[in-house]
Amino acid sequence: MQVFKLYLKVLKKNIPSMLIYLVIFLFFSIIISSSMSKEQHVDTLFNQQKSNIAFISEEKSPLIDGLKHELEKVANFVDLPDEKEALQDALYFRSVYYILRVPEGFTESFMKGENVQLEKMAVPNSISNTYIDLCIENYFNNARLYVQHMEGISQESLVQHLKSDLSVNTSVELKTKSNKPQNHIYANYFFSYMAYSLLSVLILGITTIMLVFYDNDLRRRNACSPLSTRSINLQFTLANFLFTVFVWMIMVVFCLLYNLENSFNLNTVYFIINSFVFAVCGFSMSFLIGNLVKSLNAIHAICNVVTLGLCFISGVFVPPYLLGSSVLKIASFTPTYWYVNANNQIAELTQFNFSNIEPILSCMLIQLGFALAFFTTALVISKKRRFE
Amino acid sequence: MFTHIFINRLKCLLHDRETIFWTMIFPLILAVFFNMALSNVNSWEIFKAIDVAVVDDTNYRNNEYFKAALNEASKGADRLFNLTVTSKDKADQLLNENAIVGYIVVEEPIKLVVNKSGIDQSIIKSFIDSYMQTVSSINSILLENPAAQKELISSLADRQQYVKEVSGTNAEPNNVLLYFYTLIAMTCMFGCYFGMREVTDIQADISPVAARVNIAPVHKLKTFIYNTCASLLIHLFEIFVLLIFLRFVLNVDFGPKTGYVVLTSVLGSITGISFGAFISAIVKKSEGIKVAILIGVSMTGCFLAGMMYQNMKYIIAQNVPVLSYLNPVNLLTDAFYSLYCYDTFSRYALNMGCLCIFIVIFCLGTYLIIRRRKYASL
Amino acid sequence: MIIKVKNLVKRYGDLVALDHLSLSVNEGEVFGLLGPNGSGKTTAINCILALLKYDKGEIEIFGQPMTPDAYDIKRNIGIVMQNVAVYNELTVYENIDYFCGLYVKDKKTRKKLVDEAIDFVGLGEFIKFYPKKLSGGLLRRLNIACGIAHKPKLIILDEPTVAVDPQSRNRILEGILELNRQGATVVYTSHYMEEVEQICSRIMILDRGKAIATGTKDELKAMIGIGEKITVETYSLSEEQLSRLRKLPNIVSAVYKNQTLEIKADKGLHNLETVLDFIKKEGIQFGKIYSEMPTLNDVFLEITGKDLRD
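Those sequence lines, one after another, are chains Y, V and S. Position one of the first sequence corresponds to residue 1 (the working numbering), numbered consecutively onward. Position one of the second sequence corresponds to residue 389 (the working numbering), numbered consecutively onward. Position one of the third sequence corresponds to residue 767 (the working numbering), numbered consecutively onward.
Next comes chain Y alone, as it looks inside the complex (with noise of 0.2 Å):
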């Protein structure tokens, strides 16, 4: 076991490094999860999340001030100066997504039955301004009805009927299966989002050891051991494996500590399954580019690479709704994207039978699949190497 021991004293020797890469991959991660699981909280009442608006009015009128309390509903109101850098560095900085500006003679004209506009800045692809959009619509357009077919009617009166209107709501029923909703949310971000931090902690690190050991002279002098190749390898591998299984473990501890009380179910066994078969993948990659880098320098930059733009077409960073299909098509031949959608499938579960697991199962053989492939391009590949 000479060479798994010679492992083991390299890792040691680097700690340093493995440590703050571990921990400042970790560190994002927790962030990134404990955020985007805010932003979108599973509620057991039908909730939208109000939005920060800034609403600006040039004029003052009955039917802007209903309109303002129609819009109460969808959003909060935050004040702030009618400048022009004031508003951009408003938006600039999301402490408010919406500006709307009622322009003077709005009131006037519209009563009169004219096409009008507001004007509005927004922050683009926002859900919440969304549904901003659809209640000034929703409002206007239903005074406009009253407008053209109720002569002369006054503000007031055309106020207080669209309040009325407007106030009917669709009743929702949410039907969930057991008495407390299950929250996944943080499980399954935190896990999807291990598919940046587990692979570059394993490409970093992995590559950082091998390449100290695939510096010539100590490669010779192991080839001239009288160990086997076989057992070499069968040596490096297993230190190498136990590494990404150490990493592992530490990374999927935290996310059960961060988020106890939704821990105690079968979909976190799922997660934990689904991780370690990606771990088993990212080690089988980190092998294969420990094997085809020279560099230190260049490490960074492939890890980059690869961690990045896999995360970034797999729908990590993205959510998968956004991609287009081609994109995911592409992406369905890295393992990251049969990981991250194992993932979305297992927070959606909430039956166990066959039917539901399976094609989970299947994502989990796929990534299999890669590593298998991953690996024994990489034996392929140190066998050439070694007679360099």
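Among the clues, some could well be false.
[As the list claims (entries may be wrong)] Straight-line Cα separation of at most 30 Å, DSS-like style, residue types lysine-lysine; simulated pairs:
{"id": "1", "chain 1": "S", "residue 1": "K877", "chain 2": "S", "residue 2": "K919"}
{"id": "2", "chain 1": "V", "residue 1": "K610", "chain 2": "S", "residue 2": "K917"}
{"id": "3", "chain 1": "V", "residue 1": "K673", "chain 2": "Y", "residue 2": "K294"}
{"id": "4", "chain 1": "Y", "residue 1": "K68", "chain 2": "Y", "residue 2": "K112"}
{"id": "5", "chain 1": "S", "residue 1": "K819", "chain 2": "S", "residue 2": "K976"}
{"id": "6", "chain 1": "V", "residue 1": "K762", "chain 2": "S", "residue 2": "K878"}
{"id": "7", "chain 1": "V", "residue 1": "K608", "chain 2": "S", "residue 2": "K878"}
{"id": "8", "chain 1": "Y", "residue 1": "K12", "chain 2": "V", "residue 2": "K552"}
{"id": "9", "chain 1": "V", "residue 1": "K552", "chain 2": "Y", "residue 2": "K73"}
It should be emphasised that the hints constitute simulated quantities derived from the structure, not laboratory data.
Let chain Y serve as the given structure and place chains V and S on it in line with the hints.
Using the frame of chain Y, we list chains V and S on its own:
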């Protein structure tokens, strides 16, 4: 002397083909990935029809208007819903199997049954809300003016848009661009490896070659600066390749102020290189640890600037605004962004100023450490 | 005097690496610094070159105090260090050209100097090679070429023949002598006494940061009591015979161990004759006999009580 040292340094640096290749290629590949992932984001529309069912009971059959509205929303190529009309039990079953997002029961008021809350569910609810609110309005109108029925129907179909988007400047706040700008900032910070290398090769207590250079009749600091110029040249070349790739191949818009974009890149490159030199000078441990620190700091910088999770940038800006000025990656990203977004230069100048302070600190720190000619031990 | 060092003291914490070392190197000589590992040779060299901070002492080169800024002095110094100091990313030619270029600005002159340096060390066939592809001996030759290409007046070599094959080593030593003939003053450190004996005109022996002996080869050897060492292989020798041997004239000591008789004698012309006569008279059977002049190792041993190679 400058040419001699500069040219030889260039030869040295260019010899390490692997590093040069990867540090040049990786931002290009990442940019392609970003582009793929984010190309849809700006033109995000709900273009996948939602699976809904409606319970086929007497209430539903009698409510002509709702039936019509629902059907209208469920036909055509860009329809909102895929509608299934079925019994309550079957609807429950479909919901359990997640074959539908929710089902509608026509009551007073109309009820929606779902099994979780999400965007699709919200869309259905908004649709029904809209419908019911309009019905309420129509009823009120008809109470006062029963004759208006015919015109009402045509007015209903004539839905207007009452909000128009107005931009503050020529350019709107754009999420996607931020990713690319952060990528450029990250690439600038990658200059730290060049900086690290320069210090290693000039400090006699780190490499024997440096000892030889220290004995030669050349001013050590001058040699260092000439060497660093060579590194700067190569790194700037890599950044410009990235900028050109972004601009002309991926059509990323930098706004009209191209000269300032170039200036920002140059300053960014200098920041990265001086940062690497600084860390290499003060951390007296092995190369592995130096690299770990460089990776750690630059990745944390990228993270806090919002590369992996864009909201991070805003969380920091709202809660710990000082941090956004202490993070060089963020300063660079904001600099690019303010060139794109704002007309005035005040924000840009602020960012550049902070960046310059960083450069001065790093350079001064490096200078103070490497100017030592005699060492305590070799 | 090319180099003058007075009372140099260098401490690493509690360890005194150089203990009030004083030395001087005259123009045109090949000055050898001999001493076991850890005696302070490299430390002394680094202090002289103003690379290392020292606690006390004065150092002058070419009559000027030596500082890191003394570019005029540095221009005339060439250094060949213990560790190979070349750029792995430049070819043999480019390396020599680069370092020469730090001393010589004129391109034409430099080209001539570089070509001469390459000829001198015999790397003509390898100018396009990268250092990684060179064997140990060739690498050392490159190391030397980088140090002497600019034809300095003072050349300092710090253990330049470590891990070098005998052919390259001979070449290096001859080369140094040639450089000396061409007018350079050479300071040569080593712990191989044979090399130092071979080329150095004046030698200083260091031990634990102190100079314990200085002088030419012969002066040093004269310091010790032994003039000659005679070794005889014999299968049997009685104590009586041994004591009678010890009483012979000029014989300083005689030790019989492992069937080998080691005799140390004072300087004299007839020592071997005396011993041979004695052996014949006693009828002692013998195998091989050798007689050697004392080496520097013997000098060192006598003065410090330990071997140079310890």
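Would you pick out the hints that fail for this structure and give their numbers low to high?
-> 6 and 8
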